[in-house]
Amino acid sequence: MCFSMQSFLSVRNELEAEKEVPEEVLQTLKARGWPPLAKSTKVLPTEASAQHGETFLLTFASAPPANLAPVSAGGDATKAVLQILGPELGASPLFVPEAPASAMLVRRAIGGAAAAGQPTPRLWLAGEIARRGALRRLPFVILERVLP
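Be aware that the sequence shown starts at 1, since it is given in our numbering, and climbs by one per residue.
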């Protein structure tokens, strides 16, 4: 049996139909005092990134309070990236229990890049989506949008 044909195991197949920012993310933002979104755009995935989740470019109607969204020099608090993490890290569409995706791993990766002197986004918010398609318990992060 070819597991890649099992749609319930393919992150790409499960998230392909999802076009909007999940309601749970919007409710989390509202509950924590963030301004409403003025615009959200789903980034079309590449072959490799489609295995790992979804990415949205967000624009808030106004700047969030500085304590919620600190920005880097020259940054814009009204712009952010929402990353919904797939259930694994790797090149396979199958779940890899030894390498679950998490906000902690994102935080560690950002720290490593910053330590190497690379421009890095600030992690503004992390949470979990109970269900997206047939996938369950997907972590998400909202990051400062850092432009080169």
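The reader is advised that the hints may include incorrect statements.
Using 25 angstroms as the maximum straight-line C-alpha spacing, the simulated SDA-like pairs for lysine to any residue come out as follows [unchecked claim]:
1. 79 - 104
2. 19 - 117
3. 19 - 32
4. 19 - 116
5. 79 - 114
6. 19 - 66
7. 19 - 67
8. 19 - 74
9. 30 - 114
10. 39 - 114
11. 42 - 123
12. 30 - 117
13. 79 - 134
14. 39 - 74
15. 42 - 18
Pair ranges (Cβ atoms, derived) [claimed, not checked]:
16. 74 - 131: 13 to 23 angstroms
17. 115 - 36: 18 to 28 angstroms
18. 134 - 43: 29 to 39 angstroms
19. 107 - 75: 11 to 21 angstroms
20. 17 - 73: 15 to 25 angstroms
21. 114 - 134: 27 to 37 angstroms
22. 74 - 123: 30 to 40 angstroms
23. 30 - 70: 33 to 43 angstroms
24. 112 - 20: 13 to 23 angstroms
25. 19 - 116: 27 to 37 angstroms
26. 43 - 128: 14 to 24 angstroms
What the hints contain is simulated information worked out from the structure, not anything from laboratory work. Only a predicted model underlies this, so the values are computations on that prediction, with no experimental measurement involved. In this text, a Cβ means the ideal position worked out from N, Cα and C, and glycines have one as well.
Here's how the hints hold up against the structure:
no. : hint                          : result
1   : 79 - 104                      : 22 angstroms, holds
2   : 19 - 117                      : 35 angstroms, violated
3   : 19 - 32                       : 24 angstroms, holds
4   : 19 - 116                      : 35 angstroms, violated
5   : 79 - 114                      : 20 angstroms, holds
6   : 19 - 66                       : 29 angstroms, violated
7   : 19 - 67                       : 30 angstroms, violated
8   : 19 - 74                       : 30 angstroms, violated
9   : 30 - 114                      : 30 angstroms, violated
10  : 39 - 114                      : 29 angstroms, violated
11  : 42 - 123                      : 19 angstroms, holds
12  : 30 - 117                      : 34 angstroms, violated
13  : 79 - 134                      : 29 angstroms, violated
14  : 39 - 74                       : 21 angstroms, holds
15  : 42 - 18                       : 9 angstroms, holds
16  : 74 - 131: 13 to 23 angstroms  : 38 angstroms, violated
17  : 115 - 36: 18 to 28 angstroms  : 35 angstroms, violated
18  : 134 - 43: 29 to 39 angstroms  : 22 angstroms, violated
19  : 107 - 75: 11 to 21 angstroms  : 18 angstroms, holds
20  : 17 - 73: 15 to 25 angstroms   : 39 angstroms, violated
21  : 114 - 134: 27 to 37 angstroms : 36 angstroms, holds
22  : 74 - 123: 30 to 40 angstroms  : 18 angstroms, violated
23  : 30 - 70: 33 to 43 angstroms   : 20 angstroms, violated
24  : 112 - 20: 13 to 23 angstroms  : 32 angstroms, violated
25  : 19 - 116: 27 to 37 angstroms  : 35 angstroms, holds
26  : 43 - 128: 14 to 24 angstroms  : 21 angstroms, holds
The structure fails to meet hints 2, 4, 6, 7, 8, 9, 10, 12, 13, 16, 17, 18, 20, 22, 23 and 24 from the earlier list, while all remaining hints are met.
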